[in-house]
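Peer 1: The listed protein sequences derive, respectively, from chains H and C.
In this note's numbering, each number is its position in the first sequence, counted from 1, plus 17.
In this note's numbering, each number is its position in the second sequence, counted from 1, plus 17.
Because the hints were derived from the structure by calculation, they are not lab data.
Treat the hints with care, as some may be off.
Stated by the list, open to error - Cut-off 30 angstroms, straight-line C-alpha distance, at most; resulting in silico cross-link-like pairs (DSBU-like, lysine-lysine):
#	chain 1	residue 1	chain 2	residue 2
1	H	K191	C	K224
2	C	K191	H	K246
3	H	K198	C	K191
4	C	K246	H	K246
Treat the numbers as computed from the prediction; the structure is a model and nothing was measured.
Number of protein chains: 2
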Amino acid sequence: MVKPVFFGLGIGPGDIELMTLKAARILNEADVIAYPAANGGESLARRIVGPLIPEHTTELVLPLPMSRQREPGRQAYDEGAAQIRDHLAAGRTVAFLCEGDPFFYGSFMYMFERLAQDFPTEVVPGVTSMTACAAAIGRPLAARNDVLKIIPGPLAEERIRAELQTADAAAIIKVGAHFDKLRAILRDMGLEARAQVIERATQGDQKITPLSDVPQGEHPYFSTILIYKGGESW
Amino acid sequence: MVKPVFFGLGIGPGDIELMTLKAARILNEADVIAYPAANGGESLARRIVGPLIPEHTTELVLPLPMSRQREPGRQAYDEGAAQIRDHLAAGRTVAFLCEGDPFFYGSFMYMFERLAQDFPTEVVPGVTSMTACAAAIGRPLAARNDVLKIIPGPLAEERIRAELQTADAAAIIKVGAHFDKLRAILRDMGLEARAQVIERATQGDQKITPLSDVPQGEHPYFSTILIYKGGESW
Numbered sequence: 018m019v020k021p022v023f024f025g026l027g028i029g030p031g032d033i034e035l036m037t038l039k040a041a042r043i044l045n046e047a048d049v050i051a052y053p054a055a056n057g058g059e060s061l062a063r064r065i066v067g068p069l070i071p072e073h074t075t076e077l078v079l080p081l082p083m084s085r086q087r088e089p090g091r092q093a094y095d096e097g098a099a100q101i102r103d104h105l106a107a108g109r110t111v112a113f114l115c116e117g118d119p120f121f122y123g124s125f126m127y128m129f130e131r132l133a134q135d136f137p138t139e140v141v142p143g144v145t146s147m148t149a150c151a152a153a154i155g156r157p158l159a160a161r162n163d164v165l166k167i168i169p170g171p172l173a174e175e176r177i178r179a180e181l182q183t184a185d186a187a188a189i190i191k192v193g194a195h196f197d198k199l200r201a202i203l204r205d206m207g208l209e210a211r212a213q214v215i216e217r218a219t220q221g222d223q224k225i226t227p228l229s230d231v232p233q234g235e236h237p238y239f240s241t242i243l244i245y246k247g248g249e250s251w
Numbered sequence: 018m019v020k021p022v023f024f025g026l027g028i029g030p031g032d033i034e035l036m037t038l039k040a041a042r043i044l045n046e047a048d049v050i051a052y053p054a055a056n057g058g059e060s061l062a063r064r065i066v067g068p069l070i071p072e073h074t075t076e077l078v079l080p081l082p083m084s085r086q087r088e089p090g091r092q093a094y095d096e097g098a099a100q101i102r103d104h105l106a107a108g109r110t111v112a113f114l115c116e117g118d119p120f121f122y123g124s125f126m127y128m129f130e131r132l133a134q135d136f137p138t139e140v141v142p143g144v145t146s147m148t149a150c151a152a153a154i155g156r157p158l159a160a161r162n163d164v165l166k167i168i169p170g171p172l173a174e175e176r177i178r179a180e181l182q183t184a185d186a187a188a189i190i191k192v193g194a195h196f197d198k199l200r201a202i203l204r205d206m207g208l209e210a211r212a213q214v215i216e217r218a219t220q221g222d223q224k225i226t227p228l229s230d231v232p233q234g235e236h237p238y239f240s241t242i243l244i245y246k247g248g249e250s251w
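Next up, chain H with everything else stripped away, as it sits in the complex (with noise of 0.2 angstroms):
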């Protein structure tokens, strides 16, 4: 019998054609496809691929909490892992879905840590949204020796100025509530006019803003926003 493999599966930042081969092709094998869906609502990766998925298919719905308390979160992947381990045990290959790349800020690694010591795991990476953007506007992300930095926008705000100061291209992802400081300290570090706001990148919906035109008072919780201090010409 062939040994049942835990795939952590990339499916890209929305656009069901920015999946790759390999997950496209992993999707139509596997046993079981696993996915978490926040609080009991609707979950987007599912959302993505649910056109590739065969109809024979166990759907495996995971609870899973975005609340970052850690110990409700800590039982609910628990409880989530057992369900995966079950499949596994029993000889199923069971692929987990993870919008981008599931080693990029994702939460798929709370369900490596459980399971990738007991099992044949392979994580199959992704198109993460972040260069999904950098497209989306028609911008690079980031060129010859620029220092990249991603920084998560809950971060202190002396934190995000330390790093913004030295960085030569960035991108904040988990916006979310955060965007009203976010956008103080960009306008204050006189970097308003170099940034650009990307909602839903890639998805049916998706807007781009530059980031001096979002209207006060606005707040678009689901962005990323790319900045980018090089001027000279490419």
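Starting from the known structure of chain H, fit chain C onto it as the hints suggest.
Peer 2: Chain C alone, transformed into the frame defined by chain H:
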């Protein structure tokens, strides 16, 4: 007549299966496939996608230097762009092959700046070698509120030190001839044990070595060094 499009085609890190469905489709539909062959050598990009290029497709080999001197490079890019321009002006779609992602430290930008104003241009994002490296070593690149930095190896030692000091995770790219310098920095900062050297990620001859196991005197030229400073469990 459908307007011809100039595509920057991200083809991923090396494994042909890590190409996106979109890149595979465009590769099949494009009239002309263009790619650089540095200094007359073989093109890695052409080698990766070779099996997917239809027989009737025109191939345009551009002798673009990898050299860092600006002037000879500028002339080669001018000449290459002129050839692509001729095809587009004649109504032919052109796909320019880019390893990884076109806008993630790619030389595609030099073509983009020469042609995007005059022809409909679309960048197709791809899986970067960086996230493919993380998948290969089985460790998240970055997580939660980590600041991840992409640091080019040619930078001055003091800059690299300063950036590593405040990074939670880092990918050192363009290692090339700078391996000894980089190892000395990482050793001195106590990060050698947290660094992995990945050569030719996802290609047939992929090689992964903990930095501390790379024999003195060896210089993995085509490599990426991933550093994860976080010590706690994910």
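Peer 1: Flag every earlier hint the structure violates by its number, smallest first.
Peer 2: Those not satisfied are hints 1 and 3.
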